[in-house]
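Quick note, the sequences are listed as chains A and B, same order. So for the first sequence, numbering that gives the first Met the number 0 puts the first residue at 0; every next one is plus one. So for the second sequence, numbering that gives the first Met the number 0 puts the first residue at 0; every next one is plus one.
Hint data in this document are derived by calculation from the structure and do not stem from the laboratory. Errors might be hidden in some of the hints.
Note: identical chains are not told apart, hence a pair may lie in one copy or across any two.
[Unchecked claim] List time: in silico DSSO-like cross-link candidates among lysine-lysine, alpha-carbon distance up to 27 Å:
id	residue 1	residue 2
1	Lys125	Lys79
2	Lys15	Lys125
3	Lys43	Lys171
4	Lys125	Lys367
5	Lys171	Lys79
6	Lys125	Lys171
Being a predicted model, the structure only gives us computed values, none of them experimental.
There are 2 protein chains.
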Amino acid sequence: MENFRFYAPTYFCFGKNGEQNIGELVTRFGGHKVLLHYGGGSIKRNGVYGRVTASLQAAGIPYLELDGVQPNPRSGLVYKGIELCRREGIDFILAVGGGSAIDSAKAIAAGVPYSGDFWDYYATGKPIDEALPIGTVLTIAAAGSEGSPDSVITQENGMFKRGATGEGLRPKFSILNPEATLTLGLYQTACGITDIMAHICERYFTNTRDVEITDRLCEAVLKTMIEESPKVMRNPGDYEARANIMWAGMVAHNNITGVGRAQDWNSHRIEHELSAMYDVAHGAGLSVIMPAWMKHVMQHDVTRFAQFAVRVWGCDMNFAHPELTAAEGVARFRAFLTSIGMPATFAELGAKAEDIPALTEHLFSAEKEPLPGFMELTREDVSAIYRLAL
Amino acid sequence: MENFRFYAPTYFCFGKNGEQNIGELVTRFGGHKVLLHYGGGSIKRNGVYGRVTASLQAAGIPYLELDGVQPNPRSGLVYKGIELCRREGIDFILAVGGGSAIDSAKAIAAGVPYSGDFWDYYATGKPIDEALPIGTVLTIAAAGSEGSPDSVITQENGMFKRGATGEGLRPKFSILNPEATLTLGLYQTACGITDIMAHICERYFTNTRDVEITDRLCEAVLKTMIEESPKVMRNPGDYEARANIMWAGMVAHNNITGVGRAQDWNSHRIEHELSAMYDVAHGAGLSVIMPAWMKHVMQHDVTRFAQFAVRVWGCDMNFAHPELTAAEGVARFRAFLTSIGMPATFAELGAKAEDIPALTEHLFSAEKEPLPGFMELTREDVSAIYRLAL
Numbered sequence: 000m001e002n003f004r005f006y007a008p009t010y011f012c013f014g015k016n017g018e019q020n021i022g023e024l025v026t027r028f029g030g031h032k033v034l035l036h037y038g039g040g041s042i043k044r045n046g047v048y049g050r051v052t053a054s055l056q057a058a059g060i061p062y063l064e065l066d067g068v069q070p071n072p073r074s075g076l077v078y079k080g081i082e083l084c085r086r087e088g089i090d091f092i093l094a095v096g097g098g099s100a101i102d103s104a105k106a107i108a109a110g111v112p113y114s115g116d117f118w119d120y121y122a123t124g125k126p127i128d129e130a131l132p133i134g135t136v137l138t139i140a141a142a143g144s145e146g147s148p149d150s151v152i153t154q155e156n157g158m159f160k161r162g163a164t165g166e167g168l169r170p171k172f173s174i175l176n177p178e179a180t181l182t183l184g185l186y187q188t189a190c191g192i193t194d195i196m197a198h199i200c201e202r203y204f205t206n207t208r209d210v211e212i213t214d215r216l217c218e219a220v221l222k223t224m225i226e227e228s229p230k231v232m233r234n235p236g237d238y239e240a241r242a243n244i245m246w247a248g249m250v251a252h253n254n255i256t257g258v259g260r261a262q263d264w265n266s267h268r269i270e271h272e273l274s275a276m277y278d279v280a281h282g283a284g285l286s287v288i289m290p291a292w293m294k295h296v297m298q299h300d301v302t303r304f305a306q307f308a309v310r311v312w313g314c315d316m317n318f319a320h321p322e323l324t325a326a327e328g329v330a331r332f333r334a335f336l337t338s339i340g341m342p343a344t345f346a347e348l349g350a351k352a353e354d355i356p357a358l359t360e361h362l363f364s365a366e367k368e369p370l371p372g373f374m375e376l377t378r379e380d381v382s383a384i385y386r387l388a389l
Numbered sequence: 000m001e002n003f004r005f006y007a008p009t010y011f012c013f014g015k016n017g018e019q020n021i022g023e024l025v026t027r028f029g030g031h032k033v034l035l036h037y038g039g040g041s042i043k044r045n046g047v048y049g050r051v052t053a054s055l056q057a058a059g060i061p062y063l064e065l066d067g068v069q070p071n072p073r074s075g076l077v078y079k080g081i082e083l084c085r086r087e088g089i090d091f092i093l094a095v096g097g098g099s100a101i102d103s104a105k106a107i108a109a110g111v112p113y114s115g116d117f118w119d120y121y122a123t124g125k126p127i128d129e130a131l132p133i134g135t136v137l138t139i140a141a142a143g144s145e146g147s148p149d150s151v152i153t154q155e156n157g158m159f160k161r162g163a164t165g166e167g168l169r170p171k172f173s174i175l176n177p178e179a180t181l182t183l184g185l186y187q188t189a190c191g192i193t194d195i196m197a198h199i200c201e202r203y204f205t206n207t208r209d210v211e212i213t214d215r216l217c218e219a220v221l222k223t224m225i226e227e228s229p230k231v232m233r234n235p236g237d238y239e240a241r242a243n244i245m246w247a248g249m250v251a252h253n254n255i256t257g258v259g260r261a262q263d264w265n266s267h268r269i270e271h272e273l274s275a276m277y278d279v280a281h282g283a284g285l286s287v288i289m290p291a292w293m294k295h296v297m298q299h300d301v302t303r304f305a306q307f308a309v310r311v312w313g314c315d316m317n318f319a320h321p322e323l324t325a326a327e328g329v330a331r332f333r334a335f336l337t338s339i340g341m342p343a344t345f346a347e348l349g350a351k352a353e354d355i356p357a358l359t360e361h362l363f364s365a366e367k368e369p370l371p372g373f374m375e376l377t378r379e380d381v382s383a384i385y386r387l388a389l
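Okay, chain A solo, but in the shape it has when bound (with noise of 0.2 Å):
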């Protein structure tokens, strides 16, 4: 086990009616002014918007509001509520929908203090240590950045996708309702789920030895997705299965998952190519890539694998041919994603095989050859792994 630093003192609030908490949590800490941060017309539609700003006027809090927020957030809105938030004095920043508020959110946060462009953090990778204090209602269960100090923003200039991390993007707290995603469609649900098992198998997959605790609790996050998901995808209204995902999502990210090993963040990388080029859910790009990569990877280390195919995918261990049960976990990986829905080729995302090597060439523009990672990847690593999604 290596050593390791691990610090979540997000304060989580969990359950039925959590919205009308707000106005206690957001003064409890330190905010006097708020930014309402937000996409579009869901939440309004499915009651949330309305819950949260209720508890914010009942607890005498002032609030502005920017709304805007897209899947796979752009810094041009960034860079509005930078400004926005400067020049009304605001010192506390509330997110109110999935991933993509969160990480923009998170992103105003980090730029109102800092005298450069905020996209510095993104682009060097420098950790940010200094934002404004940010709140989260989550209503997507997914990106987990609920709990985590991460960002992915997309570069407007050049179209580049990129994260930021640091101690000064964990949210001081978070309302996880799971009613708010009771509504939510079934496409957007397994993109979700998706995401969330790409970030266990993130962690999992690690060159670290002897990390029993951790592959343990990977492995119970895993379990419980493939045992969650089917009950949401039969019945979207199913509360308690809805919760389990979302508490999942959370755990599969603020890295109890993953702490004493190495990590291995390359189909993510490789990932965001896709959505940077044609706009693609980020899960249904994940659900495209992942399988495709565990492929391109395998012989890396079967064993690994044949534990990910028996302890988490119930396979019946071949020892005479451990490759073989490697082998069946991955097929029976990319068979759940194909079962709630999730997309297993370019073409099903709209993607293009001509487009390989632009979207190699688009990657090593801002990583450096090879990828580090449970296995380096060339650019004729990454370039076989797209070819192996085709």
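Given chain A, put chain B in place with the hints provided.
Using the frame of chain A, we list chain B on its own:
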């Protein structure tokens, strides 16, 4: 799943050489003058004391020492510590040791700013919101107190062993260096293993339905303990196994494995009477009581015990006779505890059958009948559990 709040803002520094960061961390969390609180000579023999004091000295942080914490820590030393902190203007308590040193430090931390008798919190269960900040340097994987808001103290006036809890008691930071546990004796190691597993079991056996994610996380910790514990018993110097157990001990008790569900702490309550009357090691007492409690309550929910047997202990499910599977799980738990050298009977603890009425009466002198939990327990039930442990 029940509504819940989860807030675990302890900063963990895990791995080799962690003690060298103490100065930095005390300063980060606002300490200017420290009370170093510990038990006896073991931290001097294993080098931890030297590394801790060197780090404080290097950071120029003045400190006083209060040693003498006993297993099942006593109220007398707590009163002494409160008086010392007030007199000397101490603003940060650093506990070095296992759960006893940490729980004693928490009690002192709660008592310093409180105008009444610190025991009020333990006698009434009133939550402790305000306390001096504390940090911990863990040397025994067991109690989980390094990441929990809980403290258990024995009041010498009457020998009542009682717990208190509150947000104010969460350590600001905890340093977990598995090297500090390499020289721990096998018996004490096994007591810690038992305590960790008990912390999970008391969360696992619940009447709350549909908390798959928390169930799976509980099972992850138990399976880790089953995998790693024999390694340490065979080779006490196995750093990797010690590291897995140490982190599992934190995960078992910071409540990430307990959210969203009713919990059952009756095994702990019933054991506390044994520790208080005979001063036995808490883990040894649990080893005797926990399987007895399981046998007594199994009929209340055979399915849940069957799940425990199948998922944790790898039993085959007997679909025709689930109660046999359930019993097999408890038998394997019992055998596991025996395999790591833990006692199974009153006699092995030096406890006596004729004391059962007194143990039961003493418990109910401070608790209402019936005890709430997975299965409500009357005086009769508690006596029956003690008898099953004979």
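How the hints compare with the structure:
no., hint, in the structure
1, Lys125 x Lys79, "within (22 Å within a copy, 47 Å between copies)"
2, Lys15 x Lys125, "between (38 Å within a copy, 26 Å between copies)"
3, Lys43 x Lys171, "within (24 Å within a copy, 39 Å between copies)"
4, Lys125 x Lys367, "within (16 Å within a copy, 56 Å between copies)"
5, Lys171 x Lys79, "within (23 Å within a copy, 37 Å between copies)"
6, Lys125 x Lys171, "both (21 Å within a copy, 26 Å between copies)"
In this structure, none of the earlier numbered hints is contradicted; all agree with it.
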